[in-house]
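Engineer: The opening position of the sequence shown corresponds to residue 1 in full-length UniProt numbering, with each subsequent residue numbered one higher.
Read the hints as simulated data drawn from the structure, not as lab findings. Glycine is no exception: its CB is placed at the ideal position from the N, C-alpha and C atoms. Keep in mind that a hint or two might mislead.
Only pairs whose alpha carbons sit at most 16 Å apart, straight line, appear in this in silico EDC-like list of lysine to aspartate or glutamate [claimed, not checked]:
(1) Lys28 x Glu15
(2) Lys28 x Glu50
(3) Lys55 x Asp65
Simulated DEER-style distance windows between Cβ atoms [to be verified]:
(4) Gln51 x Tyr92: 12 to 22 Å
(5) Tyr61 x Lys18: 18 to 28 Å
(6) Glu16 x Lys77: 40 to 50 Å
(7) Gln22 x Gly59: 33 to 43 Å
(8) Ile20 x Cys60: 18 to 28 Å
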Amino acid sequence: MVQSVRLSARSNVQEELKQIRQHLLDEKEALLQSSSQLPPSLELEISVCEQALCKCAEGCYGYCDSCGESIELNRLKADPLVRYCLACSSRYKIE
Numbered sequence: 001m002v003q004s005v006r007l008s009a010r011s012n013v014q015e016e017l018k019q020i021r022q023h024l025l026d027e028k029e030a031l032l033q034s035s036s037q038l039p040p041s042l043e044l045e046i047s048v049c050e051q052a053l054c055k056c057a058e059g060c061y062g063y064c065d066s067c068g069e070s071i072e073l074n075r076l077k078a079d080p081l082v083r084y085c086l087a088c089s090s091r092y093k094i095e
């Protein structure tokens, strides 16, 4: 009984994830089709967002691109797209 409930729940979650992935792919396609009409600053912002999503998928989101240390949680909360820790940002005048 418990096993069948687990299998059913797992199947439901997998189906929901499949739908979410498809929705994201559809959104990405729509953005790509309209990207030629976007101002360069918005294209850059989209690129930064895509980089952050890739880092999430790779499991390296939240780590400084310069030194590899963890980025401060408050800094990530303030700007989820931040790429550098406070020390590196200050040291190199980044961001």
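Engineer: For every hint, state whether the structure bears it out.
Structural biologist: So, going through the hints one by one against the coordinates:
no. : hint                      : in the structure
1   : Lys28 x Glu15             : violated (20 Å)
2   : Lys28 x Glu50             : holds (10 Å)
3   : Lys55 x Asp65             : holds (10 Å)
4   : Gln51 x Tyr92: 12 to 22 Å : holds (18 Å)
5   : Tyr61 x Lys18: 18 to 28 Å : holds (23 Å)
6   : Glu16 x Lys77: 40 to 50 Å : violated (27 Å)
7   : Gln22 x Gly59: 33 to 43 Å : violated (23 Å)
8   : Ile20 x Cys60: 18 to 28 Å : holds (22 Å)
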